[in-house]
Structure formats: structure tokens, C-alpha cells
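Visitor: Chain residues, written in single-letter form:
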Amino acid sequence: MCQWCYKHGAGNKWYLNSKNYLRETAEEVNAQQYLEMLWKNFEKVYIQKIFGISSKGVGYKLKNPLLGRLLKWYINRWLHKEKNQDPLRAEGHFGQVVPLEDAKKILEIAEPIARINCACRWMQRGIKDDCCLAFGVLTEVAAKLPRYVPEHGVKKLTIDKAQKFVEEMNKRGRVNTIWFGPIPHIGALCNCDYPQCTGIRIRRDYEILTLHKSEYVVRVDPNKCTSCRKCATRCQFGALTFPDSIGRPYIDMWKCFGCGLCATTCPEEAITLVDRETIPMLKEAY
Amino acid sequence: MKTKIKIDQAKCTKPEECRKCLQACPPAIFMIYSPEKYSNDPKEWKVDVIFTDLCTKCYECINVCPKDAIEIR
Numbered sequence: 000m001c002q003w004c005y006k007h008g009a010g011n012k013w014y015l016n017s018k019n020y021l022r023e024t025a026e027e028v029n030a031q032q033y034l035e036m037l038w039k040n041f042e043k044v045y046i047q048k049i050f051g052i053s054s055k056g057v058g059y060k061l062k063n064p065l066l067g068r069l070l071k072w073y074i075n076r077w078l079h080k081e082k083n084q085d086p087l088r089a090e091g092h093f094g095q096v097v098p099l100e101d102a103k104k105i106l107e108i109a110e111p112i113a114r115i116n117c118a119c120r121w122m123q124r125g126i127k128d129d130c131c132l133a134f135g136v137l138t139e140v141a142a143k144l145p146r147y148v149p150e151h152g153v154k155k156l157t158i159d160k161a162q163k164f165v166e167e168m169n170k171r172g173r174v175n176t177i178w179f180g181p182i183p184h185i186g187a188l189c190n191c192d193y194p195q196c197t198g199i200r201i202r203r204d205y206e207i208l209t210l211h212k213s214e215y216v217v218r219v220d221p222n223k224c225t226s227c228r229k230c231a232t233r234c235q236f237g238a239l240t241f242p243d244s245i246g247r248p249y250i251d252m253w254k255c256f257g258c259g260l261c262a263t264t265c266p267e268e269a270i271t272l273v274d275r276e277t278i279p280m281l282k283e284a285y
Numbered sequence: 000m001k002t003k004i005k006i007d008q009a010k011c012t013k014p015e016e017c018r019k020c021l022q023a024c025p026p027a028i029f030m031i032y033s034p035e036k037y038s039n040d041p042k043e044w045k046v047d048v049i050f051t052d053l054c055t056k057c058y059e060c061i062n063v064c065p066k067d068a069i070e071i072r
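If you read the sequences in order, they're chains A and B.
Heads up: the first sequence begins at 0 in numbering that gives the first Met the number 0, then just goes up one per residue.
Heads up: the second sequence begins at 0 in numbering that gives the first Met the number 0, then just goes up one per residue.
If we strip away everything but chain A, and leave its shape as in the complex, we get:
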């Protein structure tokens, strides 16, 4: 289990600890005010200056061996800050990939649940897509901000409807991610895809730890695989390829985020999720 599970999981995974969804927890970390500031200024927070350095063309700066390392260290330190978090630096706001099974379990304990427009897709693509599932305080915060309110308003979903929705999203190839806002309070379950999702984007392209790999990695059972290639189009992380000569998927386990998209599409159940902990070299690789 990851370090946040030990700290905030009460013996379980952090996102399966119902305490992290409670209003009391939200009040403890002042989540209402935090989320209001963060979501109001979402775009500004994302492209803020760091050490007075503009984030325009930030990739060039991150490629610089010295400055790049310093910047990454500095940004990662904020993102994982546990106390007195500043919403305008997104302190304490990071997420983790979750497979469909866990996403469904999350929806059983989070309350209330409502669909809101994805902040990333709006700022990166100009699309209003109500694919994010906001929990608790965030449903109230988003309802006050017009750009996040879906066409038919912020409506509460039943557990059953929410679960069907993530299933459908998973079928369509979305990666389920769960987000702290701010740690240890949990704000939302998103249905992301690269490159529109700014979390996946900066993790994949710049190795900034906004989004962590899931508690699982996938393995392939070569005896069950029938080479149907259905999994070949599913990976968003560049971890799965389908080499013709071996006739089954090749999964780069170092790159695998454990989202399970390839596993849910496999008709033969040849791809399965295994606990990251069971693989010695990967158990610390979040």
C-alpha cells in the first residue's frame, strides 16, 4: 500500500476509508473554502508562476538538468503538503488511478455524488463534458461556478446510477482517478483521458507527481489470450503494445498505471490486476 494508505487509510486503501469523505473531515481541513478558491481559480492555479518563473513553455525549463530537478522537487513538495494548504498553489491536491472495481466501491461510501463539468477539459479543449463525479462539499462549490455546472444543473446521483456511469465511462476508455482536495479529504472521482486531463498530462510528459499509479499492475495469462487485440487500443500510458511475433499484449510494467482498462475489455479474462505489493520491484513505484 502507498504511504497515504498508511497515513489516511485506517488499515485499508486511503480512498476506501469512509472517514475521508465525511463532512467532519471536510470541516477539519476547511475544504469548503479551499475548494472554492481552487476551483474558482483552477486555470490560474495550473499556470501559476513558480519562483517568479512563468509556466509558459514550462517543458523547456523542466528539461534543464538543474533547474528542472529543483522545480520538480519544489512542485511535488507543495502538491503533497499535509498542513495549512494553500489552494492557490493546489497544495494537498493530488490523485491516484483506481481500477473500475475500486471506483465502484468508492461510490458506495461517498455521499452525496453529483456530475459536474470537467475543469481540465474546459481549459485544455474548450469542451464542457460532465464526466467528473464530485463528492460532498465539492458538489456545493461547483454549483456556484457557472463553467462547471452541466446543462441540466448539478443533480445528485444515486449509488446505482453513479456506478453505471463509471462502468459506461470505463467501457468508453476513460481512466478512473480519485482526488484529494485537500488531503485527507477526498473531493472527486474523475473519468480522465490523455492529453485532455491535466493530471495525466503533467505526470506522463513531465513526471510531476500530480497523479499516482494505482495499487495494482496488470499481468497477462498467455494461455488464455486469443490474440483478439481488443486491449491494443485501450492504454493511455503507452504501456501496452501488441507485438505481432508473440501474438499477445506486451505490457511494460514500469509504465503501467494499473487502471485496468485493458483488463475490463478482455473477453477471455486473460488480463488480470494484481496487487502492486506482490511485485518486489514495483511495490514502491507509485
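Since the hints were made in silico from the structure, they are not lab data.
Be a bit skeptical, because a hint or two may be false.
[What the hints assert, rightly or not] One side only, chain B facing chain A, incomplete, derived with CB under 10 Å:
| # | residue |
| --- | --- |
| 1 | K1 |
| 2 | T2 |
| 3 | W44 |
| 4 | V48 |
| 5 | I49 |
| 6 | L53 |
[Unchecked claim] Chain B residues, not near chain A, derived (Cβ > 12 Å throughout):
| # | residue |
| --- | --- |
| 7 | D7 |
| 8 | K10 |
| 9 | T12 |
| 10 | K56 |
| 11 | Y58 |
No experiment lies behind these values; they were computed from the predicted model shown.
For each residue, glycine too, the CB sits at the ideal point set by N, CA and C.
Once you have looked at the hints, place chain B on chain A.
Guide: For chain B alone, coordinates are given in the frame of chain A:
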């Protein structure tokens, strides 16, 4: 060599309505945001480029821009 992308803000008058470059760009390097603190007024929103290093110079954005506001060097 670093890519330089310039958006002529005087020509890009209604970014919130248009958004063509955002949707056309293959690596999604554009962003729409309010330059000052959060504002509900669409007139204050503008389009800018953030991930310049990921630009492949495919000129897709220049082709779709109805106002000829984008310049890539």
C-alpha cells in the same frame, strides 16, 4: 531550438465562443483562461499556449483559426 507561438490577442476577440485551436491541436497545448483572477465575463477570457515544448509545428491551429491570430516560429 525553442518553438515560439504568438497569439495576437487583438485579433482573437471571442475565444470563449470559438475555441477552434483548442480542439484542433493534436497534443492539446492551448489553454483558455481568465488572465486576471477568476471572472465570469467571457470577454475577459483569452487563449494562450502553455506546453510550447510539445508543439510539433503541424500548423493545424493556424489552418483552423478564423482570425489568423496565431503565429508560429
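Visitor: Now tell me if each hint is right for this structure.
Guide: Now for the hints, and whether the structure bears them out:
1. K1: Holds - the Cβ of K1/B comes within 10 Å of chain A, reaching about 6 Å at its closest.
2. T2: Holds: closest Cβ of chain A sits about 8 Å from T2/B, inside 10 Å.
3. W44: 9 Å, holds
4. V48: Constraint on V48/B satisfied, holds at 7 Å.
5. I49: Holds, about 6 Å.
6. L53: With a minimum Cβ separation of about 6 Å from chain A (threshold 10 Å), the hint on L53/B holds.
7. D7: 16 Å, holds
8. K10: K10/B is indeed farther than 12 Å from all Cβ atoms of chain A, at 18 Å.
9. T12: Given that every Cβ of chain A is farther than 12 Å from that of T12/B, nearest at about 15 Å, it holds.
10. K56: Given a closest Cβ separation of 14 Å, the condition holds.
11. Y58: 18 Å, holds
Hint compliance for this structure: every hint is met.
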